[in-house]
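**Student:** This is what each chain is made of:
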Amino acid sequence: MKITKFKNWPLNLKLRLVFGVFLLVILVLIFCLKVVPSGKASYKKTWTNNFFSARGTMLDFRPGIRLDSKAKSYLKIIAEPVYFNFYTPRSFSKAKITIKYFDNLAEATPIIELGLLKGGLNGNYELKPLQNKIIDDLKFSWDRIVDDGETLILQREKIYNNGLEFSADFSEGRLENCVGGPLSCAVFYNYNNDYKYQAPANNLTRSVKINQALRGEHQFFNYFNQGKWFLNFDFRDLNLNSGQEIVKVNIYLDNNLIASQNLTGLDLATRNDSFDNENRQGTSIGELRFSGLAEKGALYKVEIKAGNDIIIESIESSSDQLVFANKFWPVYSEGLKISTEAKFLSVKTFETESLGSIFLNEGKFELDKTYSSLLLEAKDEEKYLNELKLEKSGVLIELNGFIALPDTKFFKALPEKMDRFFSASGSASYLLSNYKSPKKEKNYKVASLEFDLNSAYLNNNYYSFVISVPGLELTEGGENYLGIKEIKIEVEGRSLGEKIISFIKK
Amino acid sequence: MKKLNEKQKEILKIFVREFFYFLSILVAAFFILDIVLKGLISAYLNLNLLFLLWLIIALIDLRFKAKK
Numbered sequence: 001m002k003i004t005k006f007k008n009w010p011l012n013l014k015l016r017l018v019f020g021v022f023l024l025v026i027l028v029l030i031f032c033l034k035v036v037p038s039g040k041a042s043y044k045k046t047w048t049n050n051f052f053s054a055r056g057t058m059l060d061f062r063p064g065i066r067l068d069s070k071a072k073s074y075l076k077i078i079a080e081p082v083y084f085n086f087y088t089p090r091s092f093s094k095a096k097i098t099i100k101y102f103d104n105l106a107e108a109t110p111i112i113e114l115g116l117l118k119g120g121l122n123g124n125y126e127l128k129p130l131q132n133k134i135i136d137d138l139k140f141s142w143d144r145i146v147d148d149g150e151t152l153i154l155q156r157e158k159i160y161n162n163g164l165e166f167s168a169d170f171s172e173g174r175l176e177n178c179v180g181g182p183l184s185c186a187v188f189y190n191y192n193n194d195y196k197y198q199a200p201a202n203n204l205t206r207s208v209k210i211n212q213a214l215r216g217e218h219q220f221f222n223y224f225n226q227g228k229w230f231l232n233f234d235f236r237d238l239n240l241n242s243g244q245e246i247v248k249v250n251i252y253l254d255n256n257l258i259a260s261q262n263l264t265g266l267d268l269a270t271r272n273d274s275f276d277n278e279n280r281q282g283t284s285i286g287e288l289r290f291s292g293l294a295e296k297g298a299l300y301k302v303e304i305k306a307g308n309d310i311i312i313e314s315i316e317s318s319s320d321q322l323v324f325a326n327k328f329w330p331v332y333s334e335g336l337k338i339s340t341e342a343k344f345l346s347v348k349t350f351e352t353e354s355l356g357s358i359f360l361n362e363g364k365f366e367l368d369k370t371y372s373s374l375l376l377e378a379k380d381e382e383k384y385l386n387e388l389k390l391e392k393s394g395v396l397i398e399l400n401g402f403i404a405l406p407d408t409k410f411f412k413a414l415p416e417k418m419d420r421f422f423s424a425s426g427s428a429s430y431l432l433s434n435y436k437s438p439k440k441e442k443n444y445k446v447a448s449l450e451f452d453l454n455s456a457y458l459n460n461n462y463y464s465f466v467i468s469v470p471g472l473e474l475t476e477g478g479e480n481y482l483g484i485k486e487i488k489i490e491v492e493g494r495s496l497g498e499k500i501i502s503f504i505k506k
Numbered sequence: 001m002k003k004l005n006e007k008q009k010e011i012l013k014i015f016v017r018e019f020f021y022f023l024s025i026l027v028a029a030f031f032i033l034d035i036v037l038k039g040l041i042s043a044y045l046n047l048n049l050l051f052l053l054w055l056i057i058a059l060i061d062l063r064f065k066a067k068k
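As you go down the protein sequences, you meet chains S and C in turn.
Its first residue numbered 1, the first sequence is counted upward by one per residue in my numbering.
Its first residue numbered 1, the second sequence is counted upward by one per residue in my numbering.
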C-alpha cells in the first residue's frame, strides 16, 4: 500500500488529524484534572463573574438570605453562619485554605471562624479561627509567654519567663496567682487541650438516674472515681420525620474513643404531625448500656449523636458528677431549674406553646418569638453559679459552659473557652491558644488555615465548609458585614506514582 | 468586504464541516464525561456556551450545504 506524504493528503483528512490530536490533548488534560498526578492542586474563587464563567469548584454559598446579592465583586455576608461546598475531582489528605477579606464588623462580633464538616452521623464542623480581634488586642496589653506562630500563650502580668516554666506548672494542675488552679484563671481558644481534670481529694460520688427528658444531640462530662462505672440510656422516637433515625453514643477517655454503640429508630407508616410538649408521644426504641473499670479517677466525655426526632428519656450513671456541655434541650420540663457558670446563654424554641418567661438569677426574660434566639445575661458578677428557671418546656439552651441538673453535682470539666463575650477585665489571667493573626495586604486581610481532609465528610466529591461569625445577625441596613474577596484552597494527597506503587505492593 | 473566490469558499466549507464534526464529538464527550466524572467538566467550562457554539457552527454548515 502506497502511503502518500502528509502534504498530499486531502484537506479534510489533514483537518481531521489536527482536530483528532487536539481532542487527544483535551482528553489527557481532563485525565490530569481528574487524577491530579502530582497529588497537589490549587483552586481559587473570586467574585468577578462574567458571562463566560464556569460553575467553579467553590459553590452553593447559602442560605441566600444571609448574603447581600447586590454586592457583585465580593461575597457580602450579613448574617451567620454561611455554608458552601468545595468540589474536588478526587479525595485528598490535607487542605490549606487562604481567605482574603475585609470586615465591617461591630465590636460585638470580633471572631471569624472557618469550619470543615467532619464525617459520620450528624457530623460536626471542625472550626478554626480566621480572626479573633480580642486576642489581637490582648497581644499588645498582656505579656507573651509563647508566640511561635502556632501556639500563643499570654499572661496578664509577667510571672513566667518562658514556655517551659509555664508548662511545668500547668501540667501539674497549678499556676501562679491562680487560687483554684487552671480551671479558675486560664482561658482556652482553639487550643489542643491536654488539660486533665483533677477531682478534689476525697471526692465522693453516688449513682444517679436523670429522668429529665432531652431532645436531640447532647454531650456531657462524667467523672468516675476509681472502680466500676456504668452508664445506661433509654431512648424514644417521636416519629415526626420519615425514615429510620440512628442514635449513636460515643464515650471518650483522654480524647480516645473507648466505647460506641448504635440504636436504630422506627419508620412507622403513621407519623406525628408536630411535637407535643405536654404529652409523651412516639415510641420507645430501646436502651444502650455501657460499663467499665476505671483504673484511676478520670473524666469521661459522652457524646449522644441523634436527630431532633429522638428523645433521651433517661440517663443513669454510677456517678452524679455529671455536667452537660454547650447545649441543653429539655422537654416535658415546666418549672425546671438548672445551674450553670456561664454568664451568657442563648435560648430558642420552635413551638409557640414554649413561649414564656425565663428567669436567670433575679433577671426575667421573655421568650416571645419562635425560631429566634434570645440572649440572656447574668448580671450578678459575684455569683459563681447562676440559676436558670424555665417556666415552659421545650426551650433549647446554648451556651459556652456547663449545665448541671438538681440531681447532679456541678463541676467545671474544662477551662473556659473564649467566646465573643470574653472580657479582658474578667478573672482570667492566662490565655492559651493555637491562633495566628491575619496579615494585612493593602485594603484586605489574609488568613490561612490547614485542615486534615482524611476525616472530613466527602459527599459526591464535595467537601462542606462553614463561615461562622458568632453574633452576626440580620439587621435592617446591613451595616455589619463580612466581605470575602477571594478564597484559595490548596490540596495535597497521594500522587499517581505513590498510588501505583501502593497498588503493586498489595 | 473582499469576496472570496471559489477555491477559498470550498476550503472554508470543508473547514466548517470538519470543525462541526470535531465539535459534535467534543460536546457529546464533555456531556457524557461530566455525568461520569460527577461535574468535573462543568466546574471548569461553561458547557452551555460550548453547546451554543456547536449550534452556531451547525447552522453555518447547514447554510453551506443548502447553497450547493
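Since the hints were made in silico from the structure, they are not lab data.
Remember, it's a predicted structure, so these values are computed and weren't measured experimentally.
Glycine included, C-beta positions come from ideal geometry on N, C-alpha and C.
Careful, some of the hints might be misleading.
27 angstroms max Cα-Cα, derived DSS-like pairs, lysine-lysine [unchecked claim]:
| # | chain 1 | residue 1 | chain 2 | residue 2 |
| --- | --- | --- | --- | --- |
| 1 | S | K7 | C | K13 |
| 2 | S | K72 | S | K442 |
| 3 | S | K118 | C | K13 |
| 4 | S | K499 | C | K38 |
| 5 | C | K13 | S | K45 |
| 6 | S | K128 | S | K485 |
| 7 | S | K158 | S | K44 |
| 8 | S | K94 | C | K13 |
Among the chain C residues that face chain S by a calculated CB cut under 8 angstroms, a handful are [unchecked claim]:
| # | residue |
| --- | --- |
| 9 | I32 |
| 10 | I35 |
| 11 | K38 |
| 12 | N46 |
| 13 | L50 |
| 14 | L53 |
| 15 | I56 |
**Student:** Where does the structure disagree with the numbered hints, that is, which hint numbers, in rising order?
**Tutor:** 3, 5, 7, 8, 9, 10, 13, 14 and 15
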